[in-house]
Amino acid sequence: DQQVKQNSPSLSVQEGRISILNCDYTNSMFDYFLWYKKYPAEGPTFLISISSIKDKNEDGRFTVFLNKSAKHLSLHIVPSQPGDSAVYFCAASARGGGADGLTFGKGTHLIIQP
Amino acid sequence: DTGVSQNPRHKITKRGQNVTFRCDPISEHNRLYWYRQTLGQGPEFLTYFQNEAQLEKSRLLSDRFSAERPKGSFSTLEIQRTEQGDSAMYLCASSLVGSPQIRQNYGYTFGSGTRLTVV
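Protein sequences, first through last, are from chains W and H.
Take 1 as the starting number for the first sequence in the working numbering and just add one per residue.
Take 1 as the starting number for the second sequence in the working numbering and just add one per residue.
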């Protein structure tokens, strides 16, 4: 059973526009959420995180929104740049974030069109 | 520091053979994690260490898998009697937890992984 779901395997966005990547989760014990970016032949790179006590966290061009009642989070990238083309993974933790194993979604392949 | 280092990058082995992978974490990090990623899936948690103590193991970690971190620095992951289903990317990650200064960021630092192919 997939506890963290990324229902869009791929997403194509024009350069300069906003990219919105979505993630749903089923485990109500999750209290920390993270987004990772992965290029081919490299390990995932941490992007941004959010605690369940917040509903928004912003870092430069990246903003993560959390809707606990809907068990939904999203990553907004604005403006999108060609270097943002990668696979994005949503991940969740049930114990304070980073302290134990993360549960990952299957990823969304973001393609930024010039 | 060059980040998390994993060796080898690629390993091809025959079914039934044993393989061992090595991970060197970021030197000041006290936690080390092993994940496995198969095609089209996200990374799946296998196990993690706090210093030299192995604190959690996933049910994915069968008896054929063993991980060690003998001196709280580098770690090894051994797979005995490999099966074709073991073919995957094995990822190592490290993090520093426990310090109030780093509470803002619980993101791991991943290595580039070891790609295992069992033929």
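A few of these clues could be false.
[What the hints assert, rightly or not] No more than 25 Å apart at the CA atoms, straight line, and that leaves these computed lysine-lysine pairs for BS3-like:
hint, chain 1, residue 1, chain 2, residue 2
1, W, 54, W, 5
2, W, 5, H, 57
3, H, 71, W, 106
4, W, 54, W, 68
5, W, 38, H, 11
6, W, 38, W, 56
7, W, 106, W, 71
8, W, 106, W, 38
9, W, 71, W, 5
Keep in mind that the hints were calculated from the coordinates and are not lab data.
Going down the list of hints, with the structure as the test:
1. 54(W) to 5(W): holds, 21 Å
2. 5(W) to 57(H): holds, 23 Å
3. 71(H) to 106(W): Violated, at about 34 Å.
4. 54(W) to 68(W): holds, 9 Å
5. 38(W) to 11(H): Distance ~21 Å between residue 38(W) and residue 11(H) Cα, so the pair holds.
6. 38(W) to 56(W): holds, 23 Å
7. 106(W) to 71(W): holds, 17 Å
8. 106(W) to 38(W): Roughly 12 Å between the alpha carbons, so the hint for residue 106(W) and residue 38(W) holds.
9. 71(W) to 5(W): holds, 11 Å
Comparing the model with each numbered hint stated earlier shows that hint 3 is the single one that does not hold.
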